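Chains Y and D supply the protein sequences, listed in that same order. Residue numbers for the first sequence follow my numbering, beginning at 1 and rising by one. Residue numbers for the second sequence follow my numbering, beginning at 1 and rising by one.
Each hint should be verified, as a subset may be incorrect.
Quick look at which bits of chain D chain Y covers, simulated, 3 or more residues with Cβ under 8 Å [stated by the list, open to error]: (1) 39-45; (2) 52-60; (3) 108-118.
From the structure, some residues in chain D lie toward chain Y, with a derived Cβ separation under 8 Å [to be verified]: (4) 15; (5) 32; (6) 36; (7) 48; (8) 97; (9) 98.
These are computed hints drawn from the structure, not numbers from a lab. Please read all numbers here as calculations on a predicted model, not as lab measurements. Just so you know, even glycine gets a beta-carbon here, dropped at the ideal spot from N, CA and C.
Residues per chain are reported as follows:
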Amino acid sequence: MRKTEAELEEERLLVEAAQRDHAAFHRLYDRYFDQIYSYVYYHCGSREQAEDVTAATFQRALEDLPNFSWRGVPYSAWLYRVASNLLARDRRRPAWLELKEEAPLASAEPEPDELWLVKEQDGELHEAIRKLPPDQRQAILLRFFAGMRNREVGKVMNRSEGAIKLLVFRGVSNLRREMGEAP
Amino acid sequence: MSHKGADHLSESIDRWLGAGAGGGGVGHLADVLGALSDAFPEVSDELAKERVRRRLAGFNPRSRTPQELLVERAADSVERIGRSLAGEGEYLPWPTIAGAAAVLVVAAVALAWLRRRGLDPAATEA
């Protein structure tokens, strides 16, 4: 999950290629779509919202591509940050606009690519994570889903490394309480 | 709140993520770390991916000027301050707070200056 120097260099070349020619952006899109979509889905538990937020994230990425300057931080960290900001805005919308995860439709034949939704094995844990305060949930997801170090999570969340450690500590403590002795 | 506990947990997570299952010790914490590190497989939804790809294909990116970016960043800061004041657990780094305070002070001074000019009969007649 963590990026090697070679991967970072490859990523930098992809970003620079997309800055020169927007048509090359599709390679960044193909590389990061699943990551961002999954991250948003684990945050909100809604496929529709995950799709919308992911689309808005990549639209912002396209718009800001000319202004993006490489600082040795994975490009995905910037995408996670944009997605997180968009999710925070969504939380401020009226409750009737909030989409909750729906059970898969019994009559609908699941597409092979959507089987992961039907087969979700960790519903209880995911539900507990969605009950966490947004900042704790974000820190937990970036640590465990994105596999980021505290320093990288701090860059995404605009906080110090120490603050991230405490957030993760609180989040894990809350999860342990929430899930009792049988996670 | 235990900083030592947070440090210890952080090291355990790093070991766990680096070494895979078994790197985080034993007991309930190990169970939780194991569950967390296994709970988030990267999901693939090719239909959603294609739908978003089509949306992006029809999207005309509008490149923004540095001034527009600054205004947008300021609006984000205001929104985050709003979330923080609303008790939504939004963290505000000190530069954001300092910036907001500076803007407030400047606005208050400007308001006082304008009011004084407005209340000054000489200024009004002029």
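Quick rundown of the hints versus the structure:
{"no.": "1", "hint": "39-45", "in the structure": "holds (count 7)"}
{"no.": "2", "hint": "52-60", "in the structure": "holds (count 5)"}
{"no.": "3", "hint": "108-118", "in the structure": "violated (count 0)"}
{"no.": "4", "hint": "15", "in the structure": "violated (13 Å)"}
{"no.": "5", "hint": "32", "in the structure": "holds (5 Å)"}
{"no.": "6", "hint": "36", "in the structure": "holds (5 Å)"}
{"no.": "7", "hint": "48", "in the structure": "holds (5 Å)"}
{"no.": "8", "hint": "97", "in the structure": "violated (12 Å)"}
{"no.": "9", "hint": "98", "in the structure": "violated (14 Å)"}
Violated hints, in rising order: 3, 4, 8, 9; the structure is consistent with all others.
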